[in-house]
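Asker: Start from the sequences, fold in the hints, and give me the full structure.
Take the sequence shown: its position 78, counting from 1, is numbered 78 in my numbering, and each next residue is one higher.
Hint data in this document are derived by calculation from the structure and do not stem from the laboratory. The beta-carbon is built from N, C-alpha and C at its ideal position, and this holds for glycine as well. Careful: at least some of the hints might be erroneous.
[To be verified] List of simulated lysine to aspartate or glutamate pairs, DMTMM-like, C-alpha gap at most 20 Å:
| # | residue 1 | residue 2 |
| --- | --- | --- |
| 1 | Lys-22 | Asp-3 |
| 2 | Lys-22 | Asp-51 |
| 3 | Lys-22 | Asp-35 |
[As the list claims (entries may be wrong)] The calculated label-pair distances, taken between Cβ atoms and stated as ranges, are:
| # | residue 1 | residue 2 | range |
| --- | --- | --- | --- |
| 4 | Val-92 | Ala-44 | 36 to 42 Å |
| 5 | Arg-63 | Leu-90 | 33 to 39 Å |
| 6 | Leu-60 | Glu-86 | 34 to 40 Å |
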Amino acid sequence: MIDPYRILGVEMGANDETIRAKYLAAIRESPPERDRERFESVRAAYEAISDHRRRLAHQLFDRSLPSVDDLLYALSSDFAPALPSEQRVLRVLGAK
Numbered sequence: 001m002i003d004p005y006r007i008l009g010v011e012m013g014a015n016d017e018t019i020r021a022k023y024l025a026a027i028r029e030s031p032p033e034r035d036r037e038r039f040e041s042v043r044a045a046y047e048a049i050s051d052h053r054r055r056l057a058h059q060l061f062d063r064s065l066p067s068v069d070d071l072l073y074a075l076s077s078d079f080a081p082a083l084p085s086e087q088r089v090l091r092v093l094g095a096k
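Answerer: What follows is the structure, given as structure tokens:
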């Protein structure tokens, strides 16, 4: 499953009301008659994180592999290439 937070367009710290509002907006944009696939993914995402207990269970127990889209999204959102420090290079090489 693709990240339910990303499908609904909410942050991980979002509350029940925010998640429900985003869910309803997404359903209005993609009703099942027009876009069955998107509707089903939005519904599954909402069911996975609709309340605090489900969000906690998702964070603790969801072990589905990320999709290529998830990986690219994760890399693009906060990836900042930088040279490693001298200490890190030495640690990787086994020197102290």
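Asker: It remains to establish, for every hint, whether it holds in the given structure.
Answerer: Against the structure, the hints come out as follows:
1. The suggested pairing of Lys-22 with Asp-3 holds, with an alpha-carbon distance near 15 Å, which does not exceed 20 Å.
2. Between Lys-22 and Asp-51, the direct Cα distance comes to roughly 13 Å. Compliance with the 20 Å bound is thereby established for this hinted pair.
3. With a C-alpha separation of about 17 Å, the suggested pair Lys-22 and Asp-35 falls inside the 20 Å cut-off, and the hint holds.
4. Evaluation of the 36 to 42 Å hint for Val-92 and Ala-44 yields a pass: the beta carbon distance comes to about 40 Å.
5. The beta-carbon spacing between Arg-63 and Leu-90, approximately 35 Å, falls within the hinted interval of 33 to 39 Å.
6. At about 38 Å, the CB distance of Leu-60 to Glu-86 agrees with the hint of 34 to 40 Å.
Violation of the numbered hints given earlier is absent; every hint is satisfied by the structure.
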